[in-house]
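Chemist: Now for the letters of each chain:
Protein chains: 2
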Amino acid sequence: MSDTVVVGLDVGGTSTRAAALTLAGRRLGTGCAGGGNPTSHGAERAAAELLAALRQALADVDPARVRAGTIGLAGAARLLADPAGRDTFDRAWREAGLRCPYTVHGDALVAYASGTASPDGTVLIAGTGAIAAQVRDLRLDRVADGHGWLLGDAGSGFWLGREAVRRLLADLDRGRTPGQLTAAVLAELLGSAEVADRPRDTVDTVIQAVTRRPPVELARLAPLVVAAAQAGEPVAAGLIAEAAAHLAESVTRIRPVDADSPIVLGGGLLTGDTPLAAGVRGEIGRRWPAAPLRSAGDGAAAAAWLAARDLPEVTDPGHLHARLVSPTT
Amino acid sequence: MSDTVVVGLDVGGTSTRAAALTLAGRRLGTGCAGGGNPTSHGAERAAAELLAALRQALADVDPARVRAGTIGLAGAARLLADPAGRDTFDRAWREAGLRCPYTVHGDALVAYASGTASPDGTVLIAGTGAIAAQVRDLRLDRVADGHGWLLGDAGSGFWLGREAVRRLLADLDRGRTPGQLTAAVLAELLGSAEVADRPRDTVDTVIQAVTRRPPVELARLAPLVVAAAQAGEPVAAGLIAEAAAHLAESVTRIRPVDADSPIVLGGGLLTGDTPLAAGVRGEIGRRWPAAPLRSAGDGAAAAAWLAARDLPEVTDPGHLHARLVSPTT
Numbered sequence: 001m002s003d004t005v006v007v008g009l010d011v012g013g014t015s016t017r018a019a020a021l022t023l024a025g026r027r028l029g030t031g032c033a034g035g036g037n038p039t040s041h042g043a044e045r046a047a048a049e050l051l052a053a054l055r056q057a058l059a060d061v062d063p064a065r066v067r068a069g070t071i072g073l074a075g076a077a078r079l080l081a082d083p084a085g086r087d088t089f090d091r092a093w094r095e096a097g098l099r100c101p102y103t104v105h106g107d108a109l110v111a112y113a114s115g116t117a118s119p120d121g122t123v124l125i126a127g128t129g130a131i132a133a134q135v136r137d138l139r140l141d142r143v144a145d146g147h148g149w150l151l152g153d154a155g156s157g158f159w160l161g162r163e164a165v166r167r168l169l170a171d172l173d174r175g176r177t178p179g180q181l182t183a184a185v186l187a188e189l190l191g192s193a194e195v196a197d198r199p200r201d202t203v204d205t206v207i208q209a210v211t212r213r214p215p216v217e218l219a220r221l222a223p224l225v226v227a228a229a230q231a232g233e234p235v236a237a238g239l240i241a242e243a244a245a246h247l248a249e250s251v252t253r254i255r256p257v258d259a260d261s262p263i264v265l266g267g268g269l270l271t272g273d274t275p276l277a278a279g280v281r282g283e284i285g286r287r288w289p290a291a292p293l294r295s296a297g298d299g300a301a302a303a304a305w306l307a308a309r310d311l312p313e314v315t316d317p318g319h320l321h322a323r324l325v326s327p328t329t
Numbered sequence: 001m002s003d004t005v006v007v008g009l010d011v012g013g014t015s016t017r018a019a020a021l022t023l024a025g026r027r028l029g030t031g032c033a034g035g036g037n038p039t040s041h042g043a044e045r046a047a048a049e050l051l052a053a054l055r056q057a058l059a060d061v062d063p064a065r066v067r068a069g070t071i072g073l074a075g076a077a078r079l080l081a082d083p084a085g086r087d088t089f090d091r092a093w094r095e096a097g098l099r100c101p102y103t104v105h106g107d108a109l110v111a112y113a114s115g116t117a118s119p120d121g122t123v124l125i126a127g128t129g130a131i132a133a134q135v136r137d138l139r140l141d142r143v144a145d146g147h148g149w150l151l152g153d154a155g156s157g158f159w160l161g162r163e164a165v166r167r168l169l170a171d172l173d174r175g176r177t178p179g180q181l182t183a184a185v186l187a188e189l190l191g192s193a194e195v196a197d198r199p200r201d202t203v204d205t206v207i208q209a210v211t212r213r214p215p216v217e218l219a220r221l222a223p224l225v226v227a228a229a230q231a232g233e234p235v236a237a238g239l240i241a242e243a244a245a246h247l248a249e250s251v252t253r254i255r256p257v258d259a260d261s262p263i264v265l266g267g268g269l270l271t272g273d274t275p276l277a278a279g280v281r282g283e284i285g286r287r288w289p290a291a292p293l294r295s296a297g298d299g300a301a302a303a304a305w306l307a308a309r310d311l312p313e314v315t316d317p318g319h320l321h322a323r324l325v326s327p328t329t
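Line by line, the protein sequences give chains Z and A. In terms of the numbering used here, the first sequence has 25 at position 25, counting the first letter as 1, and numbering is strictly consecutive. In terms of the numbering used here, the second sequence has 114 at position 114, counting the first letter as 1, and numbering is strictly consecutive.
Be careful, since some hints might not be right.
Label pairs and their calculated CB-CB ranges [to be verified]:
| hint | chain 1 | residue 1 | chain 2 | residue 2 | range |
| --- | --- | --- | --- | --- | --- |
| 1 | A | ASP82 | Z | ARG94 | 26 to 36 Å |
| 2 | A | PRO234 | Z | ALA77 | 31 to 41 Å |
| 3 | A | PRO292 | Z | GLY42 | 52 to 62 Å |
| 4 | A | ASP204 | Z | ARG45 | 17 to 27 Å |
| 5 | A | ARG78 | Z | SER192 | 18 to 28 Å |
| 6 | A | GLY282 | Z | LEU80 | 44 to 54 Å |
| 7 | Z | GLU313 | A | PRO234 | 55 to 65 Å |
| 8 | A | ALA24 | Z | ARG174 | 40 to 50 Å |
| 9 | A | LEU80 | Z | SER192 | 20 to 30 Å |
| 10 | A | PRO234 | Z | ALA231 | 32 to 42 Å |
None of these hints come from the bench; they were simulated from the model. We treat Cβ as the ideally placed atom computed from N, Cα and C, and that holds for glycine.
Taking the hints into account, I'd like the entire structure generated from these sequences.
Modeler: Written as structure tokens, this is what we have:
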């Protein structure tokens with residue numbers, strides 16, 4: 001059984017990660033390539049990044065040993081509904097030398113599985129965007145938000161960046177000297193935190209600097225909010241608290257009030273010891289005090305686990321999760 | 001003196017209006033043409049609409065009798081800073097047969113002057129966008145918001161439309177049957193208020209329907225919110241209250257707390273007896289109980305008044321305002 005190899009892929013907007021593991025939990029190879037979200041980058045580009053990551057992970061592995069694989073990616077449902085896109089992925093899979101079948105899951109399910117082996121629970125992800133999903137029997141059941149920057153993604157990196165710029169513009173409207181956070185935002189956008197003699201000129205320049213780029217790039221200001229909140233800056237702390245409330249509200253849309261299943265927090269803004277993660281833990285702890293709260297971990301390993309658990313030799317998926325996703329060796 | 005003629009133009013995003021008036025307040029002609037905001041439509045198109053409206057207003061007037069003119073338009077500062085755009089307007093002015101000089105003012109100042117003759121006060125406008133401005137000596141002094149849909153326009157028609165869609169998406173996320181407002185929004189966007197068996201499919205279709213068009217077109221949903229609020233629908237009433245609070249907050253950015261100068265409410269959402277106007281009157285009445293609250297009126301006549309008040313024969317601009325902008329004949 002320990003000779004059986006599985007591969008997992010976590011295809012995200014900024015990076016693609018691959019892992020090849022034995023069922024005993026030995027990591028035979030890992031790979032990393034560029035972002036490959038097929039919705040934003042196209043299936044061809046996504047498949048090329050996938051292949052690059054796969055080849056790295058399989059550099060020291062005979063592909064014939066691989067018995068199962070899972071690809072986790074954003075927009076999975078759209079890819080599966082598109083025969084041409086599916087073909088592109090099939091080709092990349094074969095080009096990597098793989099002959100076993102593979103399954104495709106949404107990135108939210110993979111993030112969930114990277115935090116828990118429980119078949120039922122909730123996942124909340126906040127990165128550039130934000131989405132919450134209820135998982136039932138390791139399938140995405142109901143979904144909240146993930147509506148994109150124009151209509152949703154409340155509490156996401158985009159949201160934090162946009163709100164930070166709005167606070168800056170409000171300071172300028174009021175003729176106030178920008179505070180610690182808003183000055184940092186001004187400096188990031190214009191290269192200097194200096195305000196023109198007519199603050200309205202700075203307002204116009206800020207708006208032009210933002211609207212010159214795609215709106216979603218406002219998310220690159222989120223780290224400024226996180227850093228300022230960590231330093232105790234009150235405007236930033238207020239934004240983080242608002243974002244946490246938005247994210248928790250998304251969870252209330254889909255998670256029963258009496259649920260005690262685990263909740264997995266994922267995405268760059270919620271994994272690790274961030275102020276937003278702390279805020280979300282507080283909001284969620286108030287609503288579901290009995291729910292175990294987990295952080296999303298290694299998505300590629302979680303994808304490999306999702307692939308492996310249906311193999312006939314796997315009798316205890318929970319133990320397998322402990323070996324593959326939370327490895328002790 | 002009553003033989004002296006002045007012309008005024010109010011160039012807006014959806015229509016351009018012109019008026020030719022004698023200083024006695026006699027209306028010699030009016031004109032109406034398409035939208036001519038030079039920022040969104042370009043100076044050529046704006047000047048063409050301006051000329052069309054001018055020619056109508058001057059159909060029965062000898063242009064040589066016109067002694068002064070004012071053009072009010074959005075993005076006035078940008079036009080004045082652009083010699084080519086200014087030339088385009090100069091040509092249209094001469095093509096209409098006019099030999100007198102003209103001045104250009106922001107549409108916010110013209111809206112203000114359509115509601116009061118007071119040289120100092122505040123104007124708050126909510127239509128597709130939202131802006132507030134402090135007026136000093138009949139010049140725009142400080143401005144709040146007007147930052148555009150991505151970063152501002154809080155409480156505007158765009159804002160109401162976007163929030164209405166967000167409430168609809170929240171209903172669908174929760175698996176709730178849409179309420180009165182959100183069902184109307186769904187029907188407007190998709191042609192039917194029916195929800196798919198998988199509500200997430202309806203979510204995706206709604207998002208696609210919105211993102212297919214320019215974001216600013218979300219403003220066309222605002223009348224649904226206004227109508228539902230008028231019928232007492234609670235979600236719509238809540239959005240109107242939120243919008244009113246946002247608009248009042250913009251005013252606080254620029255208007256001194258102890259001011260007792262007039263406040264003029266303009267734009268499609270605030271002129272007339274709308275729920276948002278009532279909400280804003282409430283918010284503003286709490287903050288500035290002594291301030292006279294006025295509705296914006298005839299912008300073209302107000303522009304004509306702004307042109308006339310500097311003529312040597314005008315000794316009492318307040319009386320002139322009563323004759324031109326609030327005509328009794």
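Chemist: If a hint holds in the structure, say so; if it doesn't, say that too.
Modeler: Results of checking the hints against the structure:
1. For ASP82 of chain A and ARG94 of chain Z, the hinted distance range of 26 to 36 Å is not satisfied, since their beta carbons lie about 58 Å from each other.
2. Taken as a hint, the range 31 to 41 Å holds for the pair PRO234 of chain A and ALA77 of chain Z, whose Cβ atoms sit roughly 34 Å apart.
3. With their beta carbons about 59 Å apart, PRO292 of chain A and GLY42 of chain Z fall inside the hinted range of 52 to 62 Å.
4. The hinted window of 17 to 27 Å between ASP204 of chain A and ARG45 of chain Z holds, with their beta carbons roughly 23 Å apart.
5. Taking the beta carbon of each, ARG78 of chain A and SER192 of chain Z are about 23 Å apart, inside 18 to 28 Å as hinted.
6. Checked against the hint of 44 to 54 Å, the pair GLY282 of chain A and LEU80 of chain Z passes, with Cβ atoms roughly 52 Å apart.
7. The hinted window of 55 to 65 Å between GLU313 of chain Z and PRO234 of chain A holds, with their beta carbons roughly 57 Å apart.
8. A hinted range of 40 to 50 Å holds for the C-beta pair ALA24 of chain A and ARG174 of chain Z, which are about 43 Å apart.
9. A C-beta distance of roughly 27 Å is found between LEU80 of chain A and SER192 of chain Z, which places it inside the suggested range of 20 to 30 Å.
10. Distance hint check: the CB atoms of PRO234 of chain A and ALA231 of chain Z are about 41 Å apart, consistent with the given range 32 to 42 Å.
The structure shown violates just one earlier hint, number 1.
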